[in-house]
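As they're listed, the protein sequences go chains A and B.
For the first sequence, position 143 matches number 151 in my numbering, and the numbering has no gaps at all.
For the second sequence, position 66 matches number 74 in my numbering, and the numbering has no gaps at all.
None of these hints come from the bench; they were simulated from the model.
Treat the hints with care, since some could be wrong.
[What the hints assert, rightly or not] The calculated DSS-like cross-link candidates involving lysine-lysine, where the alpha carbons are at most 30 Å apart (straight line), are:
#1 B:LYS29 - A:LYS196
#2 A:LYS29 - B:LYS185
#3 A:LYS190 - B:LYS175
#4 A:LYS170 - B:LYS190
#5 B:LYS170 - A:LYS175
#6 B:LYS37 - A:LYS190
#7 A:LYS196 - B:LYS196
#8 A:LYS170 - B:LYS185
#9 B:LYS153 - A:LYS157
#10 A:LYS101 - B:LYS190
#11 B:LYS170 - A:LYS185
#12 B:LYS196 - A:LYS29
#13 A:LYS28 - B:LYS190
#14 B:LYS157 - A:LYS185
#15 A:LYS153 - B:LYS170
#16 A:LYS175 - B:LYS153
#17 B:LYS155 - A:LYS175
#18 B:LYS153 - A:LYS118
#19 B:LYS190 - A:LYS37
#20 A:LYS175 - B:LYS29
#21 A:LYS175 - B:LYS185
#22 A:LYS101 - B:LYS185
#23 A:LYS157 - B:LYS157
#24 A:LYS190 - B:LYS101
#25 A:LYS118 - B:LYS185
#26 B:LYS155 - B:LYS29
#27 A:LYS153 - B:LYS118
#28 A:LYS185 - B:LYS37
#29 B:LYS190 - A:LYS29
#30 A:LYS175 - B:LYS175
#31 A:LYS185 - B:LYS185
#32 A:LYS170 - B:LYS155
#33 B:LYS170 - A:LYS155
#34 A:LYS37 - A:LYS175
#35 A:LYS185 - A:LYS157
#36 A:LYS190 - B:LYS190
#37 B:LYS170 - A:LYS170
There are 2 protein chains.
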Amino acid sequence: MNRIITISREFGSGGRTIGKKLAEELGIKCYDADLIHKIAEESGFSENYIKDAGEYTPGGFLSSALANRAFGQTNEDYLWKIQYKIISEIAEKESCVIVGRCADYILNGKADLLRVFIHADMDFRAERIVKVYGEREESPEQRLKSKDKRRAAYHRFYTDMKWGDYKNYDIALNSGKVGIDKCVEILKSLY
Amino acid sequence: MNRIITISREFGSGGRTIGKKLAEELGIKCYDADLIHKIAEESGFSENYIKDAGEYTPGGFLSSALANRAFGQTNEDYLWKIQYKIISEIAEKESCVIVGRCADYILNGKADLLRVFIHADMDFRAERIVKVYGEREESPEQRLKSKDKRRAAYHRFYTDMKWGDYKNYDIALNSGKVGIDKCVEILKSLY
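Isolated chain A (complex conformation) (with noise of 0.2 Å):
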């Protein structure tokens, strides 16, 4: 069986961040973007179009769910398939680290997982998407809070588990307080 590091994270925590350069440092690939790519490929869909559709549960964000799941499957159900099919395959093919996509669901029992959770307080993550992401709104706050409800109900959705329960990860950790390379060093000393 692989090995895989599978990191979710809030919104501006620097979970893909670390994941990056977790993988940089062992040598193995960090699927992220790149996995979007696949998805898009695979789809048909257009990758601006898989991005939203990350974050929004089927049928918009909760309100007309039910709605239209009544005439069968919704676009989000379909890439929801695809995404499923892509991470399955990656695992089988190699040791990797995946960042988001539910990968800590989708892979349980068919790779030897090491699950993280990545989170920090609201003020340095509005600090970090200010600088990072060059966001100009008034209110980061809103924005991230925002994010962090869409994850959680997207993730909910999917797979029925609570998204930052701790007895989903093998560790979680607040990077505003680690430190994002400590992170880092921490996460490569565990695999």
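Please build the complex by placing chain B on the supplied structure of chain A, with the hints as guidance.
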């Protein structure tokens, strides 16, 4: 400000063992049974009584909490105050490890804290309590669930924080997956 490591833990996860080993390696004190002694001395209650009270919400496990409170301060409220005072005094006096007793909440803002949560899968914990504590019950799982529930309820009652919620910790570790010695090593490197 003194540097304090607070360890909250699921029953049977080895959190107390990790705390002791960590303190030993860092050359600082670990407060746990010692702390209970101190509380006992100051309160005049017997040690066993206090040990139990630490895992019950006021007036018995939830059921009669409000009823008893109508008549004023319960014994558990009294103990909480003493505990609060003793933990605050310890933190002013020295850097140390404190296991359990809501120290993370009590010391918030009063010390340089590293807030740790230790958990593990049911199987790991069930095997461990039989081996370490010599528990002979037919269903260690039942005992674990009941213990966790009480710790969570106690914590919630006095701190209004959700026990085990990742937001309240700087690092959460699955001791069953990571291993007890490795947990000690990681925490040591963070101190």
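Run the structure past the numbered hints and jot down the numbers of the failing ones, going up.
No hint contradicted; all consistent.
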